[in-house]
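Engineer: Assemble chain Z onto chain S, guided by the hints.
Residue numbers (the working numbering), protein chains in the order written: chain S, 1098 to 1365; chain Z, 1098 to 1365.
By construction, these hints were calculated from the structure, which means they are not laboratory data.
Be aware that one or more of the hints could be misleading.
Any copy, or any two copies together, can satisfy a pair, since identical chains are not distinguished.
[Unchecked claim] Restricting the straight-line Cα-Cα distance to at most 20 Å, the calculated cross-link-like pairs of lysine to any residue (SDA-like) are:
#1 K1140 / V1175
#2 K1172 / R1149
#3 K1308 / P1158
#4 K1308 / I1338
#5 K1308 / I1342
#6 K1259 / Y1209
#7 K1102 / S1136
What follows is each chain in one-letter form.
2 protein chains.
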Amino acid sequence: MKKNKRIGAIVDELVNNPNRLYDSKHFCDKYDIAKSSLSEDIKMINEILEERGSGHIESTPGVGGGIRYIPGISKESVVQLQEELIEKLEDPSRILGGGFIYTSDIMFDGYYVRNMARFIAQKFNKLGADYVVTVETKGIPLAAQVASLLDIPMVVIRREAKYSEGSTVSINYFSGSYDRIQKMSIAKRAVEPGTKAVIVDDFMRGGGSIKGIEEILAEFNIETIGSAVAMASREPAKKKISDYISILYLDSIDEEGKTIKISPNEDL
Amino acid sequence: MKKNKRIGAIVDELVNNPNRLYDSKHFCDKYDIAKSSLSEDIKMINEILEERGSGHIESTPGVGGGIRYIPGISKESVVQLQEELIEKLEDPSRILGGGFIYTSDIMFDGYYVRNMARFIAQKFNKLGADYVVTVETKGIPLAAQVASLLDIPMVVIRREAKYSEGSTVSINYFSGSYDRIQKMSIAKRAVEPGTKAVIVDDFMRGGGSIKGIEEILAEFNIETIGSAVAMASREPAKKKISDYISILYLDSIDEEGKTIKISPNEDL
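Excised from the complex, chain S in its bound form (with noise of 0.2 Å):
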């Protein structure tokens, strides 16, 4: 196969497999190259990706190493996608009322989403966390995109405990949002005790919900490492976590004026 078509080919192979660590091998005997010339085009590859700020190649030499594509966003991709973000959820129209908006086709959207979960897979990138948790619904796709570019299982926490998850452990928690106390379920098969998590979710008001993900997650020895969300409430400024990353932060909802106004996190 040609230089050319070959680059072409394992740039197809490693950006569909995030973060999947590859033997030289492999590459070597599907290409019939040698390791010279594999690392020849691993190199231009990692220019390509590293050019177009979609991520880079790392390559760990010896016993155990080997090639693996770690996904990225560029700093003006994440500013032109926040641009995008604000200007579709500043539209009058998503005032829903309560300090509602509707968001649900922003967060089931695959542009976006995909966009979103780059960013916040490149914060988690190095954290080595074990899953990405989440609880359902609306935050299930980006939590998933992030699990899936960190190739590590994502694990979805339930309102209620399905008959179909096994057993289960429970928690009831406070959730400013709604104003009352809220159950959350986790089947005990889904994690493993003693490991670390990092928590994606699509909103956070006062922080009510991930500190009850946190809680339950400390129910099996696992320690939250990392916490974000697409966009996080001004208020109330004081949360009941501290650390996590949001894309945008949502500064105010005038029902009367019928204005929303969005800003972007710029500590990117």
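Structural biologist: Coordinates of chain Z only, in the frame set by chain S:
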């Protein structure tokens, strides 16, 4: 930019934006090349993707035309995927009783979801659907990935109307799996009346859920033009819907003998 690098860069851009129509000007301007060079590049990229079984490039000439990556998966890859899934799913520790088996880890695994979604998207690509519709919760990552590959929105039907969805339409339907009446509800603003949808879910027993989704969509004059599930039960043989695609068939669960029998869909 050298041709080698350009090929890799265009592959990265196209495979990350499936089914998105690119004007050839986009690439000609970006890489400062003539249309004839781009045509050669695209021809080569099409060969790469077809040889790898990961789809093809559709080029349509003239006004309103352009270049589009149509994702796919080879028959051999589907067969391999089915074998891997069956080996995982036939593990007797998955038996939960009551005819249920534990599948959440599979439905929330990025690698399996990406590949199952490629198979389903390939089947649905030419139908011209406007939405991929699912009902919460376990089928959401698969439906989201199919929607992402087809570049159309996903719509999630909720078990309970949520305030954050705005006004909703609800129906009751009979679920054979749970042997009771269940409710489903859809946000009015999530769908445009008079459109077409495909349905994607994790599991089908009698087809009651999918029939329910068809009915709720019919309330909006939305036609269901295809349905797909990761796994369908052989029993009952008579389903409430007639036309569906399944990746796997659940033949039997023997709770006493502690065995699960699953077979692949061979009509690929």
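Engineer: For every hint, state whether the structure bears it out.
Structural biologist: Evaluation of the provided hints:
1. Taking the closest pair of Cα atoms, K1140 and V1175 never come within 20 Å of each other, the shortest separation being 25 Å inside a single copy and 31 Å across copies.
2. For a Cα distance limit of 20 Å, the shortest separation of K1172 from R1149 inside one copy, 11 Å, qualifies, whereas the shortest one across copies, 32 Å, does not.
3. Proximity of K1308 and P1158 under a CA criterion of 20 Å is satisfied in neither setting, with 40 Å inside one chain copy and 54 Å between copies.
4. Within a single copy, K1308 and I1338 get their C-alpha atoms as close as 6 Å, which meets the 20 Å cut-off; across copies the closest is 43 Å, which misses it.
5. With identical chains, the CA atoms of K1308 and I1342 are at most 20 Å apart within one copy only, with a shortest distance of 14 Å there and 40 Å across copies.
6. For the identical chains of this complex, K1259 and Y1209 are neighbours neither inside a copy (30 Å) nor across copies (22 Å), given an alpha-carbon limit of 20 Å.
7. For a Cα distance limit of 20 Å, the shortest separation of K1102 from S1136 qualifies both inside one copy, at 16 Å, and across copies, at 15 Å.
Violated hints for the displayed structure, listed by number in ascending order: 1, 3 and 6.
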